[in-house]
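*Asks:* Keeping their order, the protein sequence lines are chains A and B.
Okay, so the first sequence: first residue is -12 according to my numbering, each after it adds one.
Okay, so the second sequence: first residue is 35 according to my numbering, each after it adds one.
Honestly, the hints are just simulated from the structure, not real lab data.
These numbers come from a predicted model, not from an experiment.
Even for Gly, the Cβ is constructed at its ideal location relative to N, Cα and C.
Check before you lean on any hint, since a few could be wrong.
Computed footprint of chain A on chain B, listed as stretches where at least three residues anywhere in the stretch have a Cβ under 8 Å from a Cβ of chain A [to be verified]:
1. 275 to 282
2. 289 to 297
3. 357 to 365
4. 414 to 426
5. 434 to 446
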Amino acid sequence: MEARFPGHRLLPYILIFPSIAVIIVFLVVPFVQAVQQSFYRTSPFGTTTLFVGLDNYAQLFSTPEYVRSLLTSVGFAALVIVGGLAASLGIAVLVTRRIRGVGFYQVAFIWTYALSPAVAGIIWALLFDPAVGLGTYVLYRITGYRINMLVEGVPALLIAAAAAAWNMLGYNICFYIAGLQNVPREFEEAARVDGAGPWRTFWRITFPMLSPTTAFLLFVNMIYAFFQVFGLIDIMTQGGPGGATEILVYKLYRDGFIRLRVNFASAQSVVLFLMVAAMALFQLRVATRRAVYSR
Amino acid sequence: MKRVVVVVVLAVLVGVGLAQGKTTVEFWHAMSGSRLKVLEKIVADFNAAHPDIEVRPVFTGTYEETLTKFIAAYRTGTAPHFVQVYEVGTQTMIDSNAIIPVYQIPGMLGETWDWAQYVRPILLYYSVGDNLWSFPFNSSTSILYYNKDHFRQAGLDPNKPPTTWDEVYEYGKRLIEAGVVTNVLSFGWPDWQFEQQLAIHNYLYADNGNGRAGLATKVTWPDPFSVKVFTTWTRLAREGIFLYGGPEYNANSAFTSGKISMLFQSTSSLDSIIKTANFEVGTSFLPRFSDEPRGNSVVGGGSLWVRKGQSTAELRAVWEFFKYLSQPDVDIYWHKGTGYFPATNAALKQLMDEGWFAQSPNHLTAFLQILSGRQDTAASIGVRLGPFVEIRDYIRSALEKALAGTLSPEAALAEAAAKANRALQEYRSLVK
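Just need the whole structure built from these sequences, with the hints factored in.
*Replies:* Given below as structure tokens:
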């Protein structure tokens, strides 16, 4: 440090202090408190506190709900990430072609990202309302099957995942368009001269060239599917029906803030932290390293 | 010129002095939609009539959110002076050690107050022993709403709504076969409708007299009656008659848009339903099982709780507002604008005298239902549980599982009961 700031031994520490302070106050302290809380049981108004040791954790792993919630989260995230990214990539490829009115299409596909999750949630919840939903009606006309996302778990999860992926579509498309524009035309032309069809060109040239974008989007979408869909779930299903859309972060909220079991929710947040930390490490180490950055 | 300046300065000083003499009290509530406007008008009128008091109403989200926010605010010392809590939170508030029971307030201010003026079922619900703990405000109960036009189209008598569950089934079949609707019946607050069914047949929900004689240790279900309720609903759903409509007021739009013909919902939706529906709305008592005993429908809605640790001036301001709410004219305005019960006997008499119930008989339905039922058993007065919010969540989940066919009615209830009993046991470990 001395070398970069000659004669100012303290300056770098002073400059970095605000960031460190913010991290300590808003991340480290609450986290330590959460860990501490997870060993206690407190009455709603905080008048009585009992030390219960690992009881909250024991309850977490002895009840089938938590495991179910974990599986729901994984399933939900898989749907949102795989479905969302595949659709975004497909659309991005289409809207980067030389066609008339391409600017209009690009904007038309990107604007969903401008909607807040609350608005997106209301739109989709109304669309699949069992009594008055347009989507419900159209589906019934086509297939004869009357979908009821308020009662049936699997349709509810699929609809919530579709809404989540749809809301994120614009963001993903944006990045894929940028990525596609950076793929040098010469490579594709060379491949075409060598006799490769468009399908083969895409998978052998374009897709590998996009791997840094894909790696980044995988990471962002994972965070999105695990944490940020909270508002969407709250508006669309509130974790129902029968807990079918109760993903980890939503279960944590319901246990902590609706069912007023703060300590049980703290234990969940600690477990969730460990899981996400492990996933993030894995992503940074494996997925990012395997992406092709060089040209 | 100098004199003018002096006068202006004095006027400003007096103004500041007056402003400081004003007592401001904060009021958190969960009244949204058309209810919000009615409430805000009442508060504005009160503030205009009391220049030394300012009640500041703050909408804090749903009932669940309002309770959560109050708890969080209390723990950090930023709680409002009084708060609206739904009936589900009653036991939590009683055990909170954060409130002043309202029956003590007149005495603290050197006044007396006649608590017997409030409508009896409301008084009974919010009392511990003989003492009222929270101030009666927005009380309701659940009633049957039905579409009279649909009944006519199906060849049914629009003045004969179903009285029993057998008739619900029979009428439902008729309405579907006549092609009037594809689904017939839905519920608002499904978890609460389950409580209502137990109560109107005089069955307990939890031990220790529904948690009123002492903290409950266990829920009563799954017993043969609760299984019967779940089985009936599941069968109606399979036949397409019952359409599950989600929590709270979500099912209202299906009814007001004519997609279904019957709805169980709180009386507090009466005014918004009448205003939104473009058909003739009928109301009646909740259907029952003809071979089961009689109880009573139970009070729902909310009441006002006073936070402890406020100055005498603030407490007096809150109390003035409460007294204002109990004035017949204010109470009547609230009732007419929302459909909630008028809370006092005097308001009720005045409404009757002016012919209101003859003019709008739908406003009388809930009242007749609750006043004609029995009020001498714990089962018919209502449930009071510490972790009630949590337990309702489990019951709703159980109903969703039973309706989807994931679990049998009995297994769904048993699963919810295990969670509910665990919650009751945890709650007792913290309170006792």
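*Asks:* Tell me the hint numbers this structure goes against, listed in increasing order.
*Replies:* 3
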